[in-house]
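Trainee: Each chain, letter by letter, is given below.
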Amino acid sequence: MQILVNGKPRHVHDDATVAELLTSLELDARQVAVEINLELAPRGEHPSRTLAPGDRVEVVTLVGGG
Amino acid sequence: MQLDEAIEDTLAIGNHALRSRLIVGTGKYAGYDVMAEALERSGTDCITVAVRRERLIDAAGNNLLDFIDTSRYTLLPNTAGCYSADDAVRVARLGREILLGLENPGADWVKLEVLADKKTLLPDPVATIEATERLVAEGFHVLCYSTDDPVVARRLKEAGAASVMPAGSPIGSGQGILNPNNIRICLEYLKDGDPDYPVIVDAGVGAASDVTIAMELGVDGVLLNTGIAHAKDPLRMADAMRHAIEAGRLSYLSGRIPKKLYATASSPTEGTITSFPS
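Line order of the protein sequences matches chains S and P.
Using the numbering used here, read the first sequence as starting at 1 and increasing by one per residue.
Using the numbering used here, read the second sequence as starting at 67 and increasing by one per residue.
Any given hint might turn out to be false.
Derived CB-CB ranges, DEER-like [what the hints assert, rightly or not]:
| hint | chain 1 | residue 1 | chain 2 | residue 2 | range |
| --- | --- | --- | --- | --- | --- |
| 1 | P | ASP99 | S | GLU45 | 33 to 39 Å |
| 2 | P | GLY205 | S | ARG56 | 22 to 28 Å |
| 3 | P | LYS184 | S | HIS11 | 31 to 37 Å |
| 4 | S | LYS8 | P | ASP174 | 30 to 36 Å |
| 5 | P | LYS298 | S | ALA29 | 38 to 44 Å |
Just so you know, these hints were derived from the structure itself, not from any lab.
For each residue, glycine too, the CB sits at the ideal point set by N, CA and C.
In isolation and in its complexed conformation, chain P is listed as follows:
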């Protein structure tokens, strides 16, 4: 890819244009130093963060914000841990308030998670749609964590979602893209007459190949966290993810060959000095 082409190939969501199509979470690293280096090596310019109670007793405790250059990364606050639309709206407002204080451009968007149960961490589709409508009405650009159900995906877009983010597989499961055909149908529905509508695979990535497979399906980006944070060597895996997102994007743009049942020779069949079997 030529440099100018690379610059133009940004991921546009709401008012944001991201250079990297990889969005990386900041949770579950062994330490903040490893996290900061992994984020750097992943090539991302957008990172997710969660909103939690300030630890009032542990005054000496390190704050995530001490390890993140908020002038470099666009923060994407999430509503992780919310099991109702009411709670998700509360947390989204608090996240926006913090980002406004930090003067971070991410203050106008939110990664909406409204979960249904603690075992599967699957989203509650009805509550997610309700929360989307309410947050859009409050001016948020809402990026919706969803299942890979194409009908729910379409409903979320109709509710005003800035991006629909179907899960490849359950959060933190590392199972990869379990149902690529559903992701394909999500893409068909969401991009019908609106080819630039951003669709991001969020959750389930276990290895770099999962990122590439997602991108080759034609999604616009991938959001991951555990795949890097819990790899044996998070820094090397961050490198791998950076290559994987670029490989998948280039592969998708290049247009893959159709799959065929039988072989097609790559070398000429004329001029051989040997005889072919009949």
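The shape of chain S in the complex, shown without the other chains:
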């Protein structure tokens, strides 16, 4: 199925979880936060939270700022 990750289309397998998505992106889960369709997806729910077709996923981290 197709989802949007940080504004770009990405193909993931059906019923993929947030945790699986982060693994496929090779990201350190401790350094990011995930939002799905404008709602925070808490870290503790990543292994069980399944994605749906068309989900708009934002994966954010910290950068330099004032």
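Given chain S's structure and the hints, the job is docking chain P onto it.
Mentor: Frame of chain S; chain P shown alone:
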């Protein structure tokens, strides 16, 4: 200042007690190495960070977090780049989520910026008040970037802000403290019956003297970024800022002399061997 007095003179905001009254941003440095050294030399123990999309393509890209000792600094996540209360609340939640993962004490607070336009980067006061109320209801200690308008400052405190942070001048402008009288009135309003309420000048610092001037007005701290990051020698400027914050705080606590129109001699006028003009 005696050592024990210095230890007691901490900046208390929400649940946090900061040793340094200087809060330093992590943006716009030439490189992460310079940033890390500048933070060290500034003497700060609290640094601001922004929340942005993870760069998914550049896997080899360095992450800010690889250059910051998160056990040493309290991180203050901001909502920079937000132009609505809705977006500011989203970004604040994401920042908290990351800091919880890092087990950093800064997870319970946020520097709230809700901007009005891209040219001035001035805050939208109505949206800032709305976002403050919503974030306070979600348990955040909210540090509000604001203009130096005393009425807005008072409204933000009434909305539950843990600190109001009036700008000295526009973000990154380096114009210093443009309206010290407004900062004075902000202090009067915000500290009325609540002398320990923290007020921080956020934005506009261009040189170390601006920090000292702000502190001499009686604010509790100064937040800056560009003044160090874009100085010709950021490391030396970080040193200067460290001295400036201490000088300003000590000068404020010491109580300055009143300004007078005419001179007052420092040397005795009696016993001179010369004659005075009539």
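Trainee: Tell me, in ascending order, the numbers of any earlier hints that this structure violates.
Mentor: none
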